[in-house]
Structure formats: structure tokens, C-alpha cells
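Novice: So in the working numbering the end of the sequence shown lands on 336, straight run, no missing numbers.
Note that these hints are calculated values from the structure, not bench results. All values derive from a computational prediction rather than experimental measurement. Please note: incorrect hints may appear among the correct ones.
Result set (PhoX-like, lysine-lysine): computed pairs, CA atoms no more than 25 Å apart in a straight line [as the list claims (entries may be wrong)]:
#: 1; residue 1: K237; residue 2: K261
#: 2; residue 1: K237; residue 2: K208
#: 3; residue 1: K328; residue 2: K172
#: 4; residue 1: K172; residue 2: K133
#: 5; residue 1: K208; residue 2: K196
#: 6; residue 1: K133; residue 2: K87
#: 7; residue 1: K208; residue 2: K172
#: 8; residue 1: K196; residue 2: K126
#: 9; residue 1: K205; residue 2: K172
#: 10; residue 1: K57; residue 2: K126
#: 11; residue 1: K133; residue 2: K57
#: 12; residue 1: K237; residue 2: K172
#: 13; residue 1: K133; residue 2: K237
#: 14; residue 1: K208; residue 2: K261
#: 15; residue 1: K57; residue 2: K83
#: 16; residue 1: K205; residue 2: K237
#: 17; residue 1: K196; residue 2: K237
#: 18; residue 1: K172; residue 2: K196
#: 19; residue 1: K172; residue 2: K261
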Amino acid sequence: MRQKVTAVVALGLLLTTVGCDTQARREMAAEKKTTEQGPPPPAEVARSCTVRGHAPKIGIVPINLQALFFNQINTGARTVARKAGVKTQIVNGNDDSATQANAIDDLVANHYDAIIVDAVDTEGIKPAIRRAKAAGVPVVAVDATVDDPAVSTQVGVGNAEGGRRIGEALLKTAGNRGGIGVVGALNSTIQNERQKGFTSTVTAKGMKIQNVVDGRNIQENAQTAAENLLTRDPGLKYAYATGEPALIGLAAAVVSQHRTKDLKVVGWDLSSQAVDGLRAGWITGVLQQNTFRFGYEAMNSAIDLACGRTTRRQVPVPTQLVTPDNVKNYLYYLEK
Numbered sequence: 001m002r003q004k005v006t007a008v009v010a011l012g013l014l015l016t017t018v019g020c021d022t023q024a025r026r027e028m029a030a031e032k033k034t035t036e037q038g039p040p041p042p043a044e045v046a047r048s049c050t051v052r053g054h055a056p057k058i059g060i061v062p063i064n065l066q067a068l069f070f071n072q073i074n075t076g077a078r079t080v081a082r083k084a085g086v087k088t089q090i091v092n093g094n095d096d097s098a099t100q101a102n103a104i105d106d107l108v109a110n111h112y113d114a115i116i117v118d119a120v121d122t123e124g125i126k127p128a129i130r131r132a133k134a135a136g137v138p139v140v141a142v143d144a145t146v147d148d149p150a151v152s153t154q155v156g157v158g159n160a161e162g163g164r165r166i167g168e169a170l171l172k173t174a175g176n177r178g179g180i181g182v183v184g185a186l187n188s189t190i191q192n193e194r195q196k197g198f199t200s201t202v203t204a205k206g207m208k209i210q211n212v213v214d215g216r217n218i219q220e221n222a223q224t225a226a227e228n229l230l231t232r233d234p235g236l237k238y239a240y241a242t243g244e245p246a247l248i249g250l251a252a253a254v255v256s257q258h259r260t261k262d263l264k265v266v267g268w269d270l271s272s273q274a275v276d277g278l279r280a281g282w283i284t285g286v287l288q289q290n291t292f293r294f295g296y297e298a299m300n301s302a303i304d305l306a307c308g309r310t311t312r313r314q315v316p317v318p319t320q321l322v323t324p325d326n327v328k329n330y331l332y333y334l335e336k
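Starting from the given sequences, assemble the full structure and let the hints guide the process.
Specialist: Shown next, in the form of C-alpha cells:
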């Protein structure tokens, strides 16, 4: 009888294991399919034209080529350009406003027909954009908001509003109580807006900003800053990262200091490190911008402008709140 009972128990364990393995394989297959399908394609592609006897030439000046975020904008823009038969050139801004300004001047000098720029410094880039307009080259600002009449079209999200949205998500997790550490990028206009929107939201409900450290929008700097933040405050319960490099650096610091059990994190922009944290549950929310759509909309506007057509002054792009429960639906953001 004892042998029969043992056999039955063993069979039950085997069936349970097989069932778990089958479910795991199904989930992995579903996630793989989601990733391989990639982002939704552009809903529309601007009609191209001939400018001075050739297809339009569009210059693209991102903040840098390190972050997945900027590479996905480039991918989206090039997808539309390829479908429209438009020529493009990407010039790395290298996290430097002067480098971006020089890139714009060079593209104008080389007779590009429109320029897309994601500005490091939204004030510092204005003179170069004005020079481009004076030379007859329209400029589309993407992501970073450049408030200047010389900008023909602005494509992006409300960064302060996004900060408020992720702040509200953290308030629900924290029950409106606790201290927060912030890993920001104080040289970035965009991320300062996100920080202000977040801070005003959480402090209005009683939470406190304990410390703010500057990752300078560079992954290695952000990790060092985050390590210092966590070392300085071993009792910290919550942390917020204002951009992709900041969140990657913060995630690395949390893991290296074994803080995944007692610290909850929110931030901006998916990466493999952010997805790992979401799956483990210690990252509770990531505000994801539709990076590919940034590129689609910016390139469509640039083509229309190069061809002499009227464009919308403002082109809003929605954000998506990614949580441990829905992260599997957004894995295509891990692809360039």
C-alpha cells in the first residue's frame, strides 16, 4: 500500500511539473511572438516629391546613439523614409548642445531639405534652428519641446504630465507615505520637466523627496549616482528614475546592493534591465513613450515640410504605463 501511495504522489508531482513546464513554454512562446511582431507599423506614410530634381533629403540629429530610446526614434523615422523613398542621414548629438548646433548648420550647408532634432538643451539649440529657418530649411523638434517660432512642428509627449502620471502610480503603491530618492539628469530640459511633474504630485499627497542625484543622462554616471543614493540612505523605500539611462543605472545599483526586497522603483522607458525588474516585481511602473511613433510622426512631418505642404504645429504622442501585469505586451520595445 505504501508503495502505491508513493507512486500516486510521484505521478501527481510529475503531472504538476509537466503542467507548469507546458504553461511556461506557452508564455515564453507568446512573449517571443510579441517581440518578433515588433511595433505597430506607421498608420500613414507621407507622399514624397521631387525637390530640386531629387528625392527629399532629411537630416536627423538625436541626443545620442547610446540609448535604445533614441535608436527607436531613428528606426521609426527611417521606416517611414524608406517607404516614402526619402534619403536620410543621422548625426549623433553626443549629449552636447554645441555638437547638435554644428550638425544642424552642416546639414543646412549640405542642402538638406528638412531636419529632425531631439534637443539636449532646448534653449541652446534655438539659434541653430533659427539659422536653418532663415536658410529655408524647416525643423521638426521631436521629444524635447523647443518653444520657438522657428520650429515648424513639435512631436512629443507632455513630460510634466508624464511625471504626474508615474507619480500617481507610485502613490497607489506607497499608500501616500514614504521617502523617495530621485535619479535625474539635471542637464536635460526634458527630464527636469519629468522630475518637476513627479515631485509636485507626490509631495502634494504627503510623500517626501529625500535626495536627488544627477546621472547626466549617461548610463555609467547614473549607476554611480544611484549607488551613492542607496548607500547614503539604506532605509530608502522608493526611487524614481527620469529617463532610460537613469533607470538602467538605478536598476544596476538596486541589484548590486541587494535592495530588490525592500525598495520599489518607478521610472521612464523600457530596457532589458527594466523588464527584468518589472517581472521580479520591484519595479512597479515604467512610463513608456511610443518611440517608434515619435519617429513615424516626425518623418511624416519632415517630408511634408520638405515638399512644401502644411503640417500641424503640435503632434502629440501618447504614453503607455507598463506594469508587472502587462509588461509582456510591450516587449517589442527591447528591439532597435
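Novice: Could you work out which earlier hints the structure fails to respect and list their numbers in ascending sequence?
Specialist: 4, 13
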